[in-house]
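Asker: What follows is each chain in one-letter form.
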Amino acid sequence: MTDFDTLVQKAKRSWDKLHAQKTPVIYAGAASCGRAAGVLPVIEAIKELKATLPLEIVEVGCIGPCYLEPIIAVQKKGHPTIFYGNVQAIQAAEIVENYLVKNDPQPDKAIGALSSPNGSETTIPSIWDHPMLKAQKRIVLKNCGLIDPQNIEHYLANDGYQALNKVLQMKPETVIQEITDSGLRGRGGAGFPTGLKWKFTRAEKDPEKYVICNADEGDPGAFMNRSLIEGDPHAVLEGLLIAGYAISAVKGYIYCRAEYPLAIQRFRKALKDMRKFGLLGENILGSDFSFEIELKEGAGAFVCGEETALIASIMGERGMPRQKPPYPSQHGVWGKPTVINNVETLGTVPAIIRNGSKWYARFGTEKSKGTKTFSLVGKIRRSGLIEVPLGTTLRTVIYDIGGGIYEDKEFKAIQVGGPSGGTIPAAFMDEPLDYENLNKLGAIMGSGGIVVIDSDTCVVDLARYFLQFTENESCGKCVPCRIGTKQLLNLLTKIVKGEGTIDDFELLEELAHTISEGSLCGLGKTAPNPVITTLTYFRDEYVAHIVDKRCPAKVCKDLFVYVVDAETCIGCEICRKRCPVGAVSGEKKQPHSIDITKCIKCDVCFTNCPAKAIRKVDKVDVIHVSH
Amino acid sequence: MTSDSLKIIHHDFKLSDNVIKKIHKILVKHENDPRNIIQILQDIQAEFHYLAEPVISFIAKELAISEHRIYGVATFYSQFKFVKPGKHQIRVCMGTACHVRGAQSLLDKICRELHIQPGETTKDGLFSIESVYCLGCCALAPVMVIDDNVFGNMSAAKVTKILRKYRRANAPRKTPAKGGGK
Ligand SMILES: Cc1cc2nc3c(=O)[nH]c(=O)nc-3n(C[C@H](O)[C@H](O)[C@H](O)COP(=O)(O)O)c2cc1C
Ligand code: FES
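Protein chains in written order, with the numbering used here: chain X, 224 to 850; chain C, 24 to 205.
Everything labelled a hint here was simulated from the structure, so no lab data went into it. All values reported here derive from a predicted model rather than from experimental measurement. Just so you know, even glycine gets a beta-carbon here, dropped at the ideal spot from N, CA and C.
Take a look, some chain X residues computed to stay more than 12 Å from chain C by CB distance:
hint : residue
1    : Leu-323
2    : Glu-654
3    : Ser-739
Pairs of lysine-lysine residues, derived as DSSO-like cross-links and limited to a Cα-Cα distance of at most 30 Å, are as follows:
hint : chain 1 : residue 1 : chain 2 : residue 2
4    : C       : Lys-181   : X       : Lys-632
5    : X       : Lys-499   : C       : Lys-52
6    : X       : Lys-663   : X       : Lys-360
7    : C       : Lys-48    : X       : Lys-499
8    : X       : Lys-800   : X       : Lys-780
9    : C       : Lys-188   : X       : Lys-824
10   : C       : Lys-184   : X       : Lys-839
These stretches of chain C come out as covered by chain X in the derived footprint (C-beta under 8 Å, 3 or more residues):
hint : stretch
11   : 60 to 68
12   : 101 to 109
13   : 119 to 125
14   : 128 to 140
15   : 147 to 161
16   : 173 to 182
Sequences are here, hints too, so could you generate the full structure?
Answerer: Next comes the structure, spelled out in structure tokens:
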């Protein structure tokens, strides 16, 4: 038996023990999303139970349905493990006690169950039949939410580092061939074939080579990488080791964005444990493969997700992109051949090696193989992180998995690919989600961020929002991006203020074209995408703003006013009391009114009116009336 | 990169022996290597909360590089601050998910409550506000963070409550003796 087999056996023993032990175990989803939803006070409340009730608490990552956070799972020997969602601190102890002491599984509060090894019966459906999880295919996320990300033994007990062990007995070329055959494409944006990237880098003569894990996740509104790192950091690190072995690299870097402190913590702990277990450093698992990994924290610059900028940042410089070629595979960090891969790309590698390229290539479409994670957010009922085979239709993602639109509003569009991506209208709901198809529609896969928008979202404002983002994040090196995005932003700002003219259409299109043609890096080249796609699919909304001076979604504040509908108003005085600028007047039990010259449009009256008597009315109509 | 990060304000930051000792420790940790300047500045900021001018001058001399090389790098990244932030740092997410779920109203509300703009600090030094792009909790949008505490599913009404809690925790204790402050 090898040292590795001994490690795995020991890990499996402690994993099995944890799941068969008499002391109940509470698993708490404690990734960033769980924390934002308040899981830490929940954990505290459960800890207090310990005085009277023996139990163990294990912090796990996120299983995906973030809208149900905080999520806990209660394991009781001889009974099914039951998941509870939206658990708040005040009821947490009660839920746990009811199940453990009173034997009441509380099906009304449960979101699903895992049957226990000895097959006890329950009426609660399996957690894997939960509507958000059922249509998924979890390959890269297989451990997320189920194992303790801080416990390397949990990873080892669940096929962890098997792929590395296998690879160390393979020729590097064979490893690369396997990845090439699987059809895996980069999950960080452009979808470049991973095997090919490795092959090119390996072919470079310079023996000093590097691998970089791009954990910068810059798309504002996407969190696939964060969730994977926080839930299963070792999967990413194993992928990084395999990439290092395949190209014979001397060292790996992780570049992780600073806004993700918990992900950074998870990485640090994982690296420490790897070293302890002989999985990092000299002669890994007794082989002649030696490898070091260094973690670098980003410092808040979106452009540093771009590979050449990221490399500059690793070297302690301003994160400015440079002209390609030479590509990083020829001239990367410290001028040496470098492979740079996204977190998810690397996280997928171990599964491919373990199960074979043929197995992986079974999922997905002809040109887009495998599965992809997407973060599903915005105006969607079930928001969270999902993994589906590439080629799954938007309808499946939005309706079967996402449960449709929040508060049953009208599904208007999705924005996919972040600031480099595009807005795709609901009419394309039956289009498959894959690289080629998204490009055809004018968007990009990007890293997999999907923001769902409904009739209350203004697409002109959304385009302006993205331009504000790219203008702010442009590094300033090339003129088309630096000045172009600024001009495009000015133009859009003018339009949302109702000051646009009909000539602006032509100007928008011309500017968009110039910026994408002339910019140095992907940031500028793709920055006009949100404008181009909205102009294509939602031209009437631009017309409404420019010609009619109306914002159909009532988002652009210069184009509407708040008025009180006298017939609906019950005179409860809430709006008058809450208005921060004293713009509301009216007597108790009498209809109120709003002074639009004082109103700052803070939305407080609108959101707080119990009678829904506050209306947003196009400004042109009101001014028309008062004349 | 943002214009407010360029606002370099002089504070009477003293390079005491203790401060110098701390800086040296950080420099040694990063092998006194200018190539690690970003990590050095990150550790400095974690220690002193911002990059004070005398500290930058000191580091430049120690590493034998020019100050403008340090400023060049530091002003590029939005993480670095050149003015002293408040005791509690409020970060409001302006990411896409938060944007479509009303982040701007949330930020406006906080600004109104505290009478400051993003990038500024309240007069009592208790709070500063900044806007950031995405904290990775988009499913719980809109999101804000105070120091290390993340608040999801935020609303204007919740802001008042949360700020009140922080204010209370910082108010001088009422003493039973007469004349005790508020
Ligand atoms: C402006 C810009 C931002 C980017 N941000 C990221 C990012 O946050 N994460 C990422 O993995 N790739 C990002 N990329 C893509 C990288 O340049 C690079 O293609 C990718 O990391 C390669 O890894 P992959 O082949 O595994 O996808 C960005 C590209 C551009 C132009
Ligand atoms: S968009 Fe606000 S947390 Fe991601």
